[in-house]
Structure formats: C-alpha cells, structure tokens
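Asks: Sequence:
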Amino acid sequence: MTEEQIKHLSQVLKLDLSAYHPQQLQRLITAFMQRNDFPNLDILISALRSNPKLRQHLLDNLGINITQFFRDPQIWDILAKEILPDLLKEFKSLRVWSAGCSIGKEPYSLAALLYHLAPQGAHTIIATDIDEAALNHAKKGEYPADDMKEIPPIYRPLFTVQNGLIVVPPTLRKFVQFRRLDLLSDPYPQGIHLLVCRNLLIYFRPEVKPRIFHSFAQSLLKGGVLFLGASEVLLNPSAYGFEPLQFGFYRRV
1 MTEEQIKHLS
11 QVLKLDLSAY
21 HPQQLQRLIT
31 AFMQRNDFPN
41 LDILISALRS
51 NPKLRQHLLD
61 NLGINITQFF
71 RDPQIWDILA
81 KEILPDLLKE
91 FKSLRVWSAG
101 CSIGKEPYSL
111 AALLYHLAPQ
121 GAHTIIATDI
131 DEAALNHAKK
141 GEYPADDMKE
151 IPPIYRPLFT
161 VQNGLIVVPP
171 TLRKFVQFRR
181 LDLLSDPYPQ
191 GIHLLVCRNL
201 LIYFRPEVKP
211 RIFHSFAQSL
221 LKGGVLFLGA
231 SEVLLNPSAY
241 GFEPLQFGFY
251 RRV
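Following our numbering, the numbering of the sequence shown begins with 1 at its first residue and continues without gaps.
No wet-lab data here; the hints were simulated from the structure.
Remember, predicted model here, so these are calculated numbers, not experimental data.
Backbone N, C-alpha and C fix where the C-beta goes; we use that ideal spot for every residue, glycine too.
Watch out, some of these pointers could steer you wrong.
Only pairs whose alpha carbons sit at most 27 Å apart, straight line, appear in this in silico BS3-like list of lysine-lysine [said to hold, decoys possible]:
(1) Lys53 - Lys149
(2) Lys92 - Lys222
(3) Lys209 - Lys14
(4) Lys7 - Lys53
(5) Lys140 - Lys89
(6) Lys89 - Lys222
(7) Lys209 - Lys7
(8) Lys89 - Lys174
(9) Lys53 - Lys92
(10) Lys139 - Lys53
(11) Lys174 - Lys149
(12) Lys7 - Lys81
(13) Lys174 - Lys92
(14) Lys174 - Lys139
(15) Lys14 - Lys139
(16) Lys139 - Lys149
Just the calculated beta-carbon pair ranges, DEER-fashion [said to hold, decoys possible]:
(17) Gln218 - Arg49: 33 to 39 Å
(18) Thr160 - Ser10: 41 to 47 Å
(19) Thr2 - Pro73: 40 to 46 Å
(20) Ala230 - Asn136: 26 to 32 Å
(21) Leu13 - Ile202: 17 to 23 Å
(22) Asn36 - Pro187: 30 to 36 Å
Work out the full structure, taking the sequences as your base and the hints as a guide.
Replies: The following block contains the structure:
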C-alpha cells in the first residue's frame, strides 16, 4: 500500500488513515478486499467513491473488534478491589469512558462492577467506537450464552440468559450510553473519573499516541484514572500529567 493510495483512501473515507500503524492497516484492508472480491486497492478505492454503503462497510471493518467480558481478569480484579473503591470514596457517582468499546462487552463489564460496588450511584458510562455496526450490536445487549464463561462467577447473577443468549438487564444498561467517536478527529468526553482504553492504541502510529494521551489527560478530572491494556505502557507518564499506579493504571495529577 503506497502513501498515495493511503491518501486517496483517507479522502474517500474522510478518515485520517495515516495515523494507523501501517502493518495493521494493510492487514485490515487486505482482509476486506479478499472477503469482498476486490482484486486490488485501486479498484476498491474507485468503488468506494460511488458507493456509500461500501464506504460504511469498510469503516466498520476498520474497527478493532477483539473483545470479551472482563478481559485479563486479574487486572479487572485490581480495578474492582482497589481502583474503583478508591474512586468511589472520593466521587460517589462515577463518570466513566470506555474508548473503543466494540460490541459492548467492556462497558457492560464496567456496569456490573459499578452495580456490585455502588448500586445506588448515579453512574454514567460513555461507550464509544468508530464502528457503527459494533455499536448497534452493543446497544442490543445480547451475546451467546457460551460467553457467560468470560464473566467471573460473582457477577454472573447480574446477567440473565434467555433463548440461548446472555441478555444485559436494565439494571446494568441504564448506566451505559453508546455513541460513535473517532479518537483522531472528534471531541473527547470531559469530566471523566475513569478512562478505559485497552488494546486499541497498539493500532496507531507511535507519533500519534502523545496527542491522544494529552487529550486523555484533559478528559480526566484531577484524581481520575486511565486504564490501559496489558500490551500498552505509558512511557514518561509525568509528561502527560499522570503518575503510575498498579500495572496498567495511571492517575491524573
């Protein structure tokens, strides 16, 4: 994939693809072309110019949809037993942002934690993603019953199973607001106590990440916490106004 092709593709999609990691972008585009029988990128770009549905289909496929409930359970255990209780002592009701929420398993996991720890709190979980199809899936709040194995036993009673599906009940859904958001171009939510962005930043070029971290810091209230994925490390956190806590967690100072 040449720089010129990336430029044309960015113009057609109205999305800054130069910020994506080149190898990840190449993999996603190649897989899309193979699934949709496009022999080369130039033919795909030509088709995208005149087909809005195809453009949206490609945008949806550029979303990062590897997800599960309580991914990396040992780290979620730290969140449940240390990070959230400390935040709830200072802020009785929490405003949480799940950035790159995919099909909704992460924000619903967060809702289960908050309901378990502080069921009377007026919590808000803003769940965002660039992928419209994933967001539509998330809003339904339905998943294969076999996915219940991803949920720690203590939280399973908070979910229901109907007709072979896990159904997220109103007691959890009431906390979650889904919206489309592009981290590279859209305004970020503000006044956040906990910002969860896990295993998403690995798909961006290194030179783009400082801008995102600065924006994350602006989104968080003083004392708020940034929660990153197991494969992501914030180097020199003080440069962005953070101090390290437990592995994967950084406090806004």
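Asks: Please go over all the hints and tell whether each is borne out by the structure.
Replies: We went through each hint and held it up to the structure:
1. Restraint check for Lys53 and Lys149: not satisfied, since their Cα atoms lie roughly 36 Å apart, outside the 27 Å limit.
2. This hinted pair checks out: Lys92 and Lys222 have alpha carbons roughly 15 Å apart, not beyond 27 Å.
3. For the hint linking Lys209 to Lys14, the alpha-carbon distance of about 20 Å falls within 27 Å, and the restraint holds.
4. Note on Lys7 and Lys53: the hinted pairing holds, with a Cα-Cα distance of about 20 Å set against a maximum of 27 Å.
5. With a C-alpha separation of about 32 Å, the suggested pair Lys140 and Lys89 falls outside the 27 Å cut-off, and the hint is violated.
6. Among the hinted pairs, Lys89 with Lys222 is consistent with the structure: their alpha-carbon atoms are about 14 Å apart, no more than 27 Å.
7. A C-alpha spacing of about 20 Å is found between Lys209 and Lys7, which places the hinted pair at or below 27 Å, so the restraint holds.
8. Annotation: proposed proximity of Lys89 to Lys174 holds, straight-line Cα distance about 22 Å (limit 27 Å).
9. As the CA atoms of Lys53 and Lys92 are separated by approximately 44 Å, the hinted pair breaks the 27 Å bound.
10. For a cut-off of 27 Å, the pair hint linking Lys139 to Lys53 stands: about 21 Å separates their Cα positions.
11. Under the criterion of a C-alpha separation no larger than 27 Å, the hint pairing Lys174 with Lys149 is consistent with the structure, at around 24 Å.
12. Our distance criterion of 27 Å between C-alpha atoms is broken by Lys7 and Lys81, whose separation comes to about 46 Å.
13. Taking the CA atoms of Lys174 and Lys92, the gap is about 17 Å. The hint holds against a cut of 27 Å.
14. A distance of roughly 11 Å separates the Cα atoms of Lys174 and Lys139; the hinted pair therefore holds under the 27 Å criterion.
15. For the proposed pair Lys14 and Lys139, the alpha carbon gap of about 25 Å is at most 27 Å, so the pair holds.
16. Restraint check for Lys139 and Lys149: satisfied, since their Cα atoms lie roughly 21 Å apart, inside the 27 Å limit.
17. In this structure the supplied range 33 to 39 Å holds for Gln218 paired with Arg49, their Cβ-Cβ distance being about 36 Å.
18. For Thr160 and Ser10, the Cβ-Cβ distance of about 43 Å falls inside the hinted range of 41 to 47 Å, so the restraint holds.
19. In this structure, Thr2 and Pro73 meet the distance hint of 40 to 46 Å, their C-beta atoms being roughly 43 Å apart.
20. Distance hint check for Ala230 and Asn136: the Cβ-Cβ separation is about 28 Å, which falls inside the suggested range of 26 to 32 Å.
21. Between Leu13 and Ile202 the CB atoms are about 21 Å apart, so this pair conforms to the stated range of 17 to 23 Å.
22. A C-beta distance of roughly 33 Å is found between Asn36 and Pro187, which places it inside the suggested range of 30 to 36 Å.
Checked against the numbered hints given earlier, this structure breaks hints 1, 5, 9, 12; the rest are met.
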